[in-house]
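> Spelled out from the first residue to the last, the chains are:
2 protein chains.
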Amino acid sequence: MTLTIEIYKHNKEERIARTWGTTARGLPYVEEAITNAGDWLIGGDLEVIEPIKYNDGLDQYRLSPAQLREEFARRNADAVFAFQLRNPVHNGHALLMTDTRRRLLEMGYKNPVLLLHPLGGFTKADDVPLSVRMKQHEKVLEEGVLNPESTVVAIFPSPMHYAGPTEVQWHAKARINAGANFYIVGRDPAGMGHPTEKRDLYDADHGKKVLSMAPGLERLNILPFKVAAYDTKHNKMNFFDPSRKEDFLFISGTKMRSLAKNRESPPDGFMCPGGWKVLVEYYDSLAPPEGSSKLREAVAA
Amino acid sequence: MTLTIEIYKHNKEERIARTWGTTARGLPYVEEAITNAGDWLIGGDLEVIEPIKYNDGLDQYRLSPAQLREEFARRNADAVFAFQLRNPVHNGHALLMTDTRRRLLEMGYKNPVLLLHPLGGFTKADDVPLSVRMKQHEKVLEEGVLNPESTVVAIFPSPMHYAGPTEVQWHAKARINAGANFYIVGRDPAGMGHPTEKRDLYDADHGKKVLSMAPGLERLNILPFKVAAYDTKHNKMNFFDPSRKEDFLFISGTKMRSLAKNRESPPDGFMCPGGWKVLVEYYDSLAPPEGSSKLREAVAA
Numbered sequence: 082m083t084l085t086i087e088i089y090k091h092n093k094e095e096r097i098a099r100t101w102g103t104t105a106r107g108l109p110y111v112e113e114a115i116t117n118a119g120d121w122l123i124g125g126d127l128e129v130i131e132p133i134k135y136n137d138g139l140d141q142y143r144l145s146p147a148q149l150r151e152e153f154a155r156r157n158a159d160a161v162f163a164f165q166l167r168n169p170v171h172n173g174h175a176l177l178m179t180d181t182r183r184r185l186l187e188m189g190y191k192n193p194v195l196l197l198h199p200l201g202g203f204t205k206a207d208d209v210p211l212s213v214r215m216k217q218h219e220k221v222l223e224e225g226v227l228n229p230e231s232t233v234v235a236i237f238p239s240p241m242h243y244a245g246p247t248e249v250q251w252h253a254k255a256r257i258n259a260g261a262n263f264y265i266v267g268r269d270p271a272g273m274g275h276p277t278e279k280r281d282l283y284d285a286d287h288g289k290k291v292l293s294m295a296p297g298l299e300r301l302n303i304l305p306f307k308v309a310a311y312d313t314k315h316n317k318m319n320f321f322d323p324s325r326k327e328d329f330l331f332i333s334g335t336k337m338r339s340l341a342k343n344r345e346s347p348p349d350g351f352m353c354p355g356g357w358k359v360l361v362e363y364y365d366s367l368a369p370p371e372g373s374s375k376l377r378e379a380v381a382a
Numbered sequence: 082m083t084l085t086i087e088i089y090k091h092n093k094e095e096r097i098a099r100t101w102g103t104t105a106r107g108l109p110y111v112e113e114a115i116t117n118a119g120d121w122l123i124g125g126d127l128e129v130i131e132p133i134k135y136n137d138g139l140d141q142y143r144l145s146p147a148q149l150r151e152e153f154a155r156r157n158a159d160a161v162f163a164f165q166l167r168n169p170v171h172n173g174h175a176l177l178m179t180d181t182r183r184r185l186l187e188m189g190y191k192n193p194v195l196l197l198h199p200l201g202g203f204t205k206a207d208d209v210p211l212s213v214r215m216k217q218h219e220k221v222l223e224e225g226v227l228n229p230e231s232t233v234v235a236i237f238p239s240p241m242h243y244a245g246p247t248e249v250q251w252h253a254k255a256r257i258n259a260g261a262n263f264y265i266v267g268r269d270p271a272g273m274g275h276p277t278e279k280r281d282l283y284d285a286d287h288g289k290k291v292l293s294m295a296p297g298l299e300r301l302n303i304l305p306f307k308v309a310a311y312d313t314k315h316n317k318m319n320f321f322d323p324s325r326k327e328d329f330l331f332i333s334g335t336k337m338r339s340l341a342k343n344r345e346s347p348p349d350g351f352m353c354p355g356g357w358k359v360l361v362e363y364y365d366s367l368a369p370p371e372g373s374s375k376l377r378e379a380v381a382a
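Protein sequences, first through last, are from chains A and B. All the letters of the first sequence, read from the start, carry residue numbers 82 to 382 under my numbering. All the letters of the second sequence, read from the start, carry residue numbers 82 to 382 under my numbering.
One thing to keep in mind: the hints can contain errors.
Since the list can't tell identical chains apart, any single copy or any two copies may satisfy a pair.
Calculated cross-link-like contacts (lysine-lysine; reagent style DSBU-like; alpha-carbon spacing at most 30 angstroms) [stated by the list, open to error]: (1) 134 - 191; (2) 205 - 93; (3) 279 - 336; (4) 290 - 326; (5) 290 - 220; (6) 254 - 93; (7) 336 - 317; (8) 314 - 205; (9) 336 - 90; (10) 90 - 279; (11) 90 - 326; (12) 307 - 90; (13) 254 - 326; (14) 90 - 289; (15) 205 - 90; (16) 216 - 90.
No lab work stands behind these hints: they were computed from the structure.
Extracted from the complex, chain A is given alone in its bound form (with noise of 0.2 angstroms):
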């Protein structure tokens, strides 16, 4: 066996502004992983002897490429679609998926299948860590807001870049692999603000006019997201309707995650009770015991 190693130079700057275009200070991966990282790089062909086992109890989720192939053809589906998520799931992705479906049993196929597929590399300090948000991902299948019997759940094992148009192509072809041919995509697809700058860093559409473009996407078919949100009049999440834009609430992630923080309840038939519940004990395992900085204080002193 011969080894081919490739050894090069890492050119930081042009490697963030290709990636983001930005150089700002303050992109999340970036100060994760490139900026303290090495000036050279190294790359070749692998060659994995085992799957890495995390003993974390999520491995069974650990589904690779091949094996997430193998799961579809047991499931005999014909039409298989990728949601990709780094959050909690709540009743306007939901609908989002049960809709696609939906539309792809219209559409002729008989067995659509979902693929459930929330990113398990790292994320911002802020976002819901990984164990958390795969048990609320159960009670949502468990709670039959998804259907199991047409659901796969696997962990997509990517660290999150945040690099909206870039990343999304990743985050596309990398489903592609795993056996999707349908892939829904959003409004500024792995976006964020701008870091130093009072705006998205982003085009909002940007994510999806990439999709369409990007070579090697030509065997995926991209469904665009239609807006989900909280419709005050029907006490549920519904299609956003402009007809009557003053009975729908937007609730982004930041607001879901102050919500649960404190304790607060989200309107009725915003997430399915059980998945909830398990956002409110994390931030409860997070959050001091009331009191206790006062007492530990007394104590120290």
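Starting from the known structure of chain A, fit chain B onto it as the hints suggest.
Chain B in isolation, oriented as in the chain A frame:
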């Protein structure tokens, strides 16, 4: 006729970062055309009603892609190889072009034609202006350094971006449109020094690498440059021979310009005499006559 006009935000930071791989100040094209541009861009289908005339004595060289393809057909070319340049042609360039023709003949082509395609738009201040370069190219053909029978000279009407691996894709793709099927590419094409750091902005091999991978360029055959340098043993430009590297003299564009500016002669065989004369006359026309600044001072005082 309906007009479809698209108006969109000019995200300068993202455009610069993704095009140049840096946002450092001092990029020539950015300062010329982007920094002071507006915050909105307009796009849509263009209809060219009449070719633009510059009336600068060079319009006969301004051939459209369709005109170029007609010209190659008229000459019965069975292969067209393009050479991008923004500098005067020295005998090293000429060696490369004549050697490429020789290789194409060896490959079985009967009538390979060279498209000598100097860039006609914006270049940085210390580059030689287009009108001077065109005069110099005329001399190179007149004095037989390149064969007029198998050479088409035309102006490539693009501005120079100095954007290395990004720009070389544009340079190559534009020549495919004009009928070329072979493209000669050298070390660090369209590259330059980093505007604020003491290093090249791009890896010297990335341009070639990107060309070999870029979608839409499958029809183009990339011909990598051999490096030519002045061979002091044979008093001519020759392909660099590493086994006797001490015999070779590398004369950069900067060095060439400074020789011409100072009315020094380059080594024999570096450039045809008529071509060199054009450069010296150009720099003479820039320099104030000897002693003139003193005289003017005296008058003004």
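> Checking residue 134 and residue 191: alpha-carbon separation at most 30 angstroms within a copy, between copies, both or neither?
neither (35 angstroms within a copy, 62 angstroms between copies)
> Checking residue 307 and residue 90: alpha-carbon separation at most 30 angstroms within a copy, between copies, both or neither?
between (43 angstroms within a copy, 24 angstroms between copies)
> Treating 30 angstroms as the Cα threshold, decide for residue 254 and residue 326: within, between, both or neither.
neither (35 angstroms within a copy, 47 angstroms between copies)
> I want to check one pair: residue 290 and residue 220. Are their C-alpha atoms no more than 30 angstroms apart within a copy, between two copies, both, or neither?
Classified as neither; 34 angstroms inside a copy, 49 angstroms across copies.
> Within, between, both or neither: how does the pair residue 336, residue 317 come out at a Cα-Cα threshold of 30 angstroms?
within (17 angstroms within a copy, 73 angstroms between copies)
> Regarding residue 90 and residue 279, is the shortest C-alpha distance of 30 angstroms or less found within a copy, between copies, in both, or in neither?
Between copies only: 16 angstroms across chains, 34 angstroms inside a chain, cut-off 30 angstroms.
> If the cut is 30 angstroms between Cα atoms, do residue 290 and residue 326 qualify within a copy, between copies, both or neither?
Result: close within a single copy only, 26 angstroms intra versus 51 angstroms inter.
> Treating 30 angstroms as the Cα threshold, decide for residue 254 and residue 93: within, between, both or neither.
So residue 254 and residue 93 pass the 30 angstroms test inside a copy (24 angstroms) and across (28 angstroms) alike.
> Should residue 205 paired with residue 90 be assigned to within, between, both, or neither, using CA atoms and 30 angstroms as the limit?
Close inside one copy (27 angstroms) and across copies (28 angstroms); limit 30 angstroms.
> When Cα atoms must be at most 30 angstroms apart, do residue 216 and residue 90 count as within-copy, between-copy, both, or neither?
neither (42 angstroms within a copy, 41 angstroms between copies)
> Is it within, between, both, or neither for residue 279 and residue 336, if the alpha carbons may be no more than 30 angstroms apart?
Result: close within a single copy only, 18 angstroms intra versus 47 angstroms inter.
> Give the relationship of residue 205 and residue 93 under a CA distance limit of 30 angstroms: within one copy only, between copies only, both, or neither.
Cα proximity of residue 205 and residue 93: in one copy and across copies (20 angstroms, 27 angstroms).
When each numbered hint is compared with the structure, violations occur for hints 1, 5, 8, 13 and 16.
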